[in-house]
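**Q** Sequence:
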Amino acid sequence: MHHTSSQDVLTVRRLRLGVGVVGTALPVVLPVGFVLVTGDSRLLGSISGYYHTPMRDVFVGSMCAIGVFLISYRYRRFDDVLTSLAGVLAIMVALFPTSLDTVGALSRSDVLVGRVHGVAAAGLFALLAVISLFRFPMHGGGRVRNGVYRVCGAVILVAIVVALASVLLPESVRDAAKPVFWAEAVAVLAFGVAWLVKGESLFHRGAVP
Numbered sequence: 084m085h086h087t088s089s090q091d092v093l094t095v096r097r098l099r100l101g102v103g104v105v106g107t108a109l110p111v112v113l114p115v116g117f118v119l120v121t122g123d124s125r126l127l128g129s130i131s132g133y134y135h136t137p138m139r140d141v142f143v144g145s146m147c148a149i150g151v152f153l154i155s156y157r158y159r160r161f162d163d164v165l166t167s168l169a170g171v172l173a174i175m176v177a178l179f180p181t182s183l184d185t186v187g188a189l190s191r192s193d194v195l196v197g198r199v200h201g202v203a204a205a206g207l208f209a210l211l212a213v214i215s216l217f218r219f220p221m222h223g224g225g226r227v228r229n230g231v232y233r234v235c236g237a238v239i240l241v242a243i244v245v246a247l248a249s250v251l252l253p254e255s256v257r258d259a260a261k262p263v264f265w266a267e268a269v270a271v272l273a274f275g276v277a278w279l280v281k282g283e284s285l286f287h288r289g290a291v292p
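This note's numbering puts the sequence shown at residues 84 to 292.
Please note that a few of the clues may not be correct.
Across the chosen pairs, the derived CB separations fall in these ranges [what the hints assert, rightly or not]:
1) V213 - E283: 37 to 43 Å
2) V194 - L93: 41 to 47 Å
3) R226 - R125: 39 to 45 Å
4) P253 - G122: 27 to 33 Å
5) P253 - A209: 43 to 49 Å
Derived by calculation from the structure, the hints in this document are not laboratory data. Think of the CB as a built atom: it goes at the ideal place given N, C-alpha and C, for glycine as much as any other residue.
Between the sequences and the hints, there should be enough to build the whole structure, so can you do that?
**A** Set out below in structure tokens:
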């Protein structure tokens, strides 16, 4: 997208804003909404776990919105490929729910759906990290903005490692500390911040070096 009209530029910024707003809001809205609706103040084991609560529609709607925004996003061709793939994975995360940790209650199809969800979620976070680390800084963002992109991408990668490594922890520790929830929440928040900066809602171009 080297030569664009002002309307095209505005559309791209709005898509970036939409992705950023939903991304930064989701880790807050889900647990807070769950408390308000149910009166239960406990955190669930993962953000995806809210699919199995009264917050299901918020989770599914938010992930599908992120997916549609990412698929609709048009910039340079390689960016289009990455964001479109990320958008498809975001919709898969919404439509293939994570499995409940109920011993003996999962059918073979439940296990399969849960595995699809896990692969889609891991792929989504990995792509979002790649976009923040390598694609966003390529397009003349300035030192501060590019630094924010790289930090956000690194945070997403660290969060992925933490979530994967958490399976090595004793179950009692996982139940108490909720490492997957916090890793996902931090990763989604970092993803949202990167897109808000890219959409110039934060650190407007020209306002920072």
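**Q** Does each hint hold? Answer for all of them.
**A** How the hints compare with the structure:
no.: 1; hint: V213 - E283: 37 to 43 Å; in the structure: violated (21 Å)
no.: 2; hint: V194 - L93: 41 to 47 Å; in the structure: holds (45 Å)
no.: 3; hint: R226 - R125: 39 to 45 Å; in the structure: holds (42 Å)
no.: 4; hint: P253 - G122: 27 to 33 Å; in the structure: holds (29 Å)
no.: 5; hint: P253 - A209: 43 to 49 Å; in the structure: violated (27 Å)
Consistency with the previously given hints fails for numbers 1, 5, ordered from lowest to highest.
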